[in-house]
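Participant: Listed here are the chains, written in short residue letters.
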Amino acid sequence: MALLSVDGLVVRFRTHEGTIHAVNGVSFDLDEGETLGIVGESGCGKSVTSLAIMRLLPKPAGRIEGGTVRFDGQDLLACSEAEMREMRGRDIAMIFQDPMTSLNPVLTIEEQMVETIQAHRKVGNEEARTRAIELLTIVGIPQPENRLRAFPHQFSGGMRQRVMIAMALALEPKLLIADEPTTALDVTIQAQVLELLQRLTTETGTAAILITHDLGVVAGMTQRINVMYAGYIVETAPTAELFAKPSHPYTVGLLHSIPRLDAVQGEELIPIEGAPPDQRRAPVGCPFAPRCAWRLPDCWTTNPPLVPVRAAEAVVTTGPGATHRMACHNPPTAGEAAAGRPLREGFVAAPPPSAVADELALVVP
Amino acid sequence: MTAPSVAIARVAPRASRGLWGDAARRLLRNRVAMVGVVFIVLFAGTAIFASWIAPYDPNAGALANSLQAPSSAHFMGTDIQGRDELSRVLYGARISLLVGLGSVIVGVFLGGTIGAIAGAVGGRVDNVLMRVVDVLLAIPGILLAIGIVAWLDRGLPQITIAVAVTNAPIFARLLRGGLLAVREADYVVAARSVGVPSRRLLLRHMLPNSLTPIIVAATLALATAIIDVAGLGFLGLGPADPRTAEWGTMLQDSTKFLRSAQYLIFFPGLAIVISAVGFNLLGDGLRESLDPRLKK
Numbered sequence: 001m002a003l004l005s006v007d008g009l010v011v012r013f014r015t016h017e018g019t020i021h022a023v024n025g026v027s028f029d030l031d032e033g034e035t036l037g038i039v040g041e042s043g044c045g046k047s048v049t050s051l052a053i054m055r056l057l058p059k060p061a062g063r064i065e066g067g068t069v070r071f072d073g074q075d076l077l078a079c080s081e082a083e084m085r086e087m088r089g090r091d092i093a094m095i096f097q098d099p100m101t102s103l104n105p106v107l108t109i110e111e112q113m114v115e116t117i118q119a120h121r122k123v124g125n126e127e128a129r130t131r132a133i134e135l136l137t138i139v140g141i142p143q144p145e146n147r148l149r150a151f152p153h154q155f156s157g158g159m160r161q162r163v164m165i166a167m168a169l170a171l172e173p174k175l176l177i178a179d180e181p182t183t184a185l186d187v188t189i190q191a192q193v194l195e196l197l198q199r200l201t202t203e204t205g206t207a208a209i210l211i212t213h214d215l216g217v218v219a220g221m222t223q224r225i226n227v228m229y230a231g232y233i234v235e236t237a238p239t240a241e242l243f244a245k246p247s248h249p250y251t252v253g254l255l256h257s258i259p260r261l262d263a264v265q266g267e268e269l270i271p272i273e274g275a276p277p278d279q280r281r282a283p284v285g286c287p288f289a290p291r292c293a294w295r296l297p298d299c300w301t302t303n304p305p306l307v308p309v310r311a312a313e314a315v316v317t318t319g320p321g322a323t324h325r326m327a328c329h330n331p332p333t334a335g336e337a338a339a340g341r342p343l344r345e346g347f348v349a350a351p352p353p354s355a356v357a358d359e360l361a362l363v364v365p
Numbered sequence: 001m002t003a004p005s006v007a008i009a010r011v012a013p014r015a016s017r018g019l020w021g022d023a024a025r026r027l028l029r030n031r032v033a034m035v036g037v038v039f040i041v042l043f044a045g046t047a048i049f050a051s052w053i054a055p056y057d058p059n060a061g062a063l064a065n066s067l068q069a070p071s072s073a074h075f076m077g078t079d080i081q082g083r084d085e086l087s088r089v090l091y092g093a094r095i096s097l098l099v100g101l102g103s104v105i106v107g108v109f110l111g112g113t114i115g116a117i118a119g120a121v122g123g124r125v126d127n128v129l130m131r132v133v134d135v136l137l138a139i140p141g142i143l144l145a146i147g148i149v150a151w152l153d154r155g156l157p158q159i160t161i162a163v164a165v166t167n168a169p170i171f172a173r174l175l176r177g178g179l180l181a182v183r184e185a186d187y188v189v190a191a192r193s194v195g196v197p198s199r200r201l202l203l204r205h206m207l208p209n210s211l212t213p214i215i216v217a218a219t220l221a222l223a224t225a226i227i228d229v230a231g232l233g234f235l236g237l238g239p240a241d242p243r244t245a246e247w248g249t250m251l252q253d254s255t256k257f258l259r260s261a262q263y264l265i266f267f268p269g270l271a272i273v274i275s276a277v278g279f280n281l282l283g284d285g286l287r288e289s290l291d292p293r294l295k296k
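So the protein lines, in turn, are chains R and V. Position 263 of the first sequence, counted from 1, bears residue number 263 in our numbering, the numbering being contiguous throughout. Position 154 of the second sequence, counted from 1, bears residue number 154 in our numbering, the numbering being contiguous throughout.
One chain only, chain V, in its complex shape (with noise of 0.2 Å):
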């Protein structure tokens, strides 16, 4: 019988995936994020390419063809002026993409700067950004980008600074929050107690460990800014071009054929379902697997 050999080999340590290794991991394995993950794929995909995946122009119709059900020439039928409903559609998935990242990513740079300002340098400074944070977070989402759309006129660029107003008062409070949380962190203090540099302090030691609950929210937002604008175009403040294929514009203008042409509203709103609901699965996902805490 051999002796078992206890062999303790030097090893290298494994080289480390650190946090966001191990965040991603747990995401991988999470199912309900990756069927977001899935959603997201197939909306972002349609968006992407949706000039070589519609059949039809989306602005090209007949009126000859005007109203027709489902069939397998128009596989979600088309639209009071004849155009067809599915290149419509896809083509639709460019705008909300757009204007969705646009608007979250203007909304995060712009929160995140006044909650980056207010966290860092504190008192007064804090307080006045503060309460304007709270004014914007008092007033209903939508209601106030209505009010910015119609003051700046329509069109997509104005849609995306709106919505990113919005969203902006969420990013400045959680950034802030973040900031507050770490800055009497015992490896805030131990950096600041070897002679860190304030600025240093701020951008690698405090903003890093700040950042996960703004990657969550930022996701969530996405779903809310898809909605947005999709509701911004059904109230008619849509796209400049009236002929735009817009999920929220062609909603409004499905609505007139609600009792004859029910497929022209079930689409665009699955469409606007499939987007939102992924984003908010993969938020969710997210939120579990970078916070450990809420581990099952």
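Bound conformation, chain R alone (with noise of 0.2 Å):
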């Protein structure tokens, strides 16, 4: 039995300009000690997932509309306040995105590190304190004694993400949900944050959740990939063979579009044109289809079921064995991935139907 399983996760937001449809039914399984990597651009619905999963959405706007999150055994959804508060921290932890706003300004390091502790643990102030500087003393702050008196703003931002990392890891949660860690840092400290962040959880054998839009991240960090698209996973595939065989246009268009060390010399960086769709309106057909090269009609009507990319093969959730799938009417063929566009004669993506069109027309002015 999976540790985390989400199943049909549907979250809208609404708002003064309607409803926004930020994550349109996604289920996914994480084994213990697992590390999964959600990727995809910004508004794609990786942040607002794992929120979701912490029941940490915005209120009253963020609303958990359908599906189950459930974890080690327990129904998230079902759970009051008081049982999720207990669970956080302790069960599962989350590290955010920007460390310079994460941290209390007006509370020092050893307040905000003891209180965590305190949360969950009756323990001393003293003992709270020396586990305090035991943490900080693993993610590799010097002289922690000293840093414990600091305040938030005396601290660089990879310092910041040291210490919002052994906050997350204080109580040894069973699974770690890291919103993009590393983007607000320099990329010398990236590194460093990241091999910290995988060191950490392979010796504690916390399952982790990598959330980033960097697929140079990932693919060390992880062993399976979600790619996410305007609140869909389009593809799923353990991490090597998602990068090695990628089979979704989107995540094909995502490798093409970072720039790549052994590519050939003179080699093009194909970006993906357009722009995420708007989710303020309910999602119809492909989500990825108007900015897709392989779309066909149906593209624009239908949206593809998430299914093996092997047709009849065991559909497998979790661990290194888990099944390659993706949502797509018209995959790429191997040779078009690697050149990053339709190779077929005379293929020409479907042009939108006139209703389509005119509701376009509608949104782009």
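I should point out that these hints are in silico values taken from the structure, not numbers from a laboratory. Warning: the hint list may mix true and false statements.
Unchecked claim - Pair ranges (Cβ atoms, derived):
1) R29/V <-> Q198/R: 42 to 52 Å
2) L202/V <-> E134/R: 25 to 35 Å
3) L77/R <-> L202/V: 23 to 33 Å
4) G18/R <-> R29/V: 47 to 57 Å
5) G236/V <-> P58/R: 48 to 58 Å
6) T19/R <-> G236/V: 58 to 68 Å
7) T19/R <-> L143/V: 39 to 49 Å
Stated by the list, open to error - Examples of chain R residues toward chain V, derived with CB under 8 Å:
8) R85
9) G89
10) R90
11) F96
12) D98
13) T101
Here a beta-carbon is modelled for each residue, glycine too, at the ideal position from N, C-alpha and C.
Fit chain to chain and form the complex, with the hints in mind.
Facilitator: Okay, here's the thing in structure tokens:
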């Protein structure tokens, strides 16, 4: 049985400008000790998915409108707020994107760390402090006794993220969700922080979800990857397989839009044209269709389900042998994936049907 | 030639002055605010030491000395009853400081509680409380204060309450707004994500981060409170005992001698201006030093 099991999760935001369809039925499983990457561009629902799992969506706008989240056999969506609070930090912890704003500016590091520990364990101040020093040492902060008394603004971004990691791992949670933990950091610090995260989660056997838009980050860190687009998982596979055989046009596009050191001289970068869909509209058809070079007429009207790439394969959702699945009517062939564009003779992406075209014209002035 | 030595000392990090320390440093460098502080010190010192520095009893007067112009014996002259104006101005500072400070403290407490409940509970409670606050804000402050004093009768505690009630809605608004602003702040969500209890979340994480506008507003409110108290006195709603030296009442009494004894209106007026300007300058300075975004 999986440690975390998300099934058909739907999250919407009710705003003055209408309903934002942030997550539109996301399902995935995670085993104990497994590391899963969630990739996708800004606004595709990565962070919202993780906040929904933690039940930390901004109230009252953000609502979980469907699906289930089971963690360790418990239905998280049915838990009371008090039960959730017990679980947060102790069983599931989270690291946020911006370490510059994730620590309270008016409290010392010590107060914040001790508070985290004492929220879940009946320990005295001295004991909690000792544990805090121990944690800071583990995450590689020099002179932890002195640094404990410092305020967040006296730390650099990398140091603050180390503090955040120390706090997240203070109670040895079973699951760690890292939401773009290195996006706000210098490239040189990124590697250190990632290495630290990887070492600590491996040592403690903590399962991890790493959310990022950086494929380079997930490549070395995760066992499996979910690629998200506009609130859907469009492709999921073990990491090596995803990089070797990308099967969804969006994944192909992502891989071709990052520069590679080992690229053949003169090989061009192929950006993904256009912008993600306006999520104020209820999704119709494949969300990627407007930007896709492989689209068929069907893509405008029917959203393809997430199915195994190799048809008739039994679906395994977790572990190294997880089934490679994707949601596409017209997946690129291996050759096309390598080239980054359709190679079929005379193939032209299907033009939008008139109804959709009208609607697109309305949205894109 | 000696090689430049690169000694990387393992110094302990400088003891932090923290957020407040930095703000204090910025405030000390603000000349205008320091002028305000001088005014306030003058005002508060006068109020506290009035009984030592006043040359005469503020209520003792001989009709023979009535309406004397300023002289070496009576630095600010005497009023119609022959009482020393200087002593009365000095004692008047007591009333202003006491009632002004008292009303702001009560106002912050009252408004802060309402704002904290509204901001923390939210929903319908928030809606109802804020509409009440809106109604109070719609009534001009001095008018509301007059109404309350007329209702509760004259007297210093009544004036304190009246001025407090006129100030409270501003504090309620400010604190509620501050709490709403930090409710979704990264560090609050982060604290929730490690399971910090909601009571603690409010008291330790949200409140301290929404207090700065309250501090600024309270300082500025002191200036308004002093003027309001004087205003009530001027309108005849001052202290219950008409003999009490109170600046507004003194102004009112002196209007009858506007042509013959202008000094009687000048000195209490000056006292009101100095104390009110002092708090205004300090309030502006505090706003600048506590909010780095306003730095020029």
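Participant: State the violated hints by number, sorted upward, taking the hints as numbered earlier in the document.
Facilitator: none
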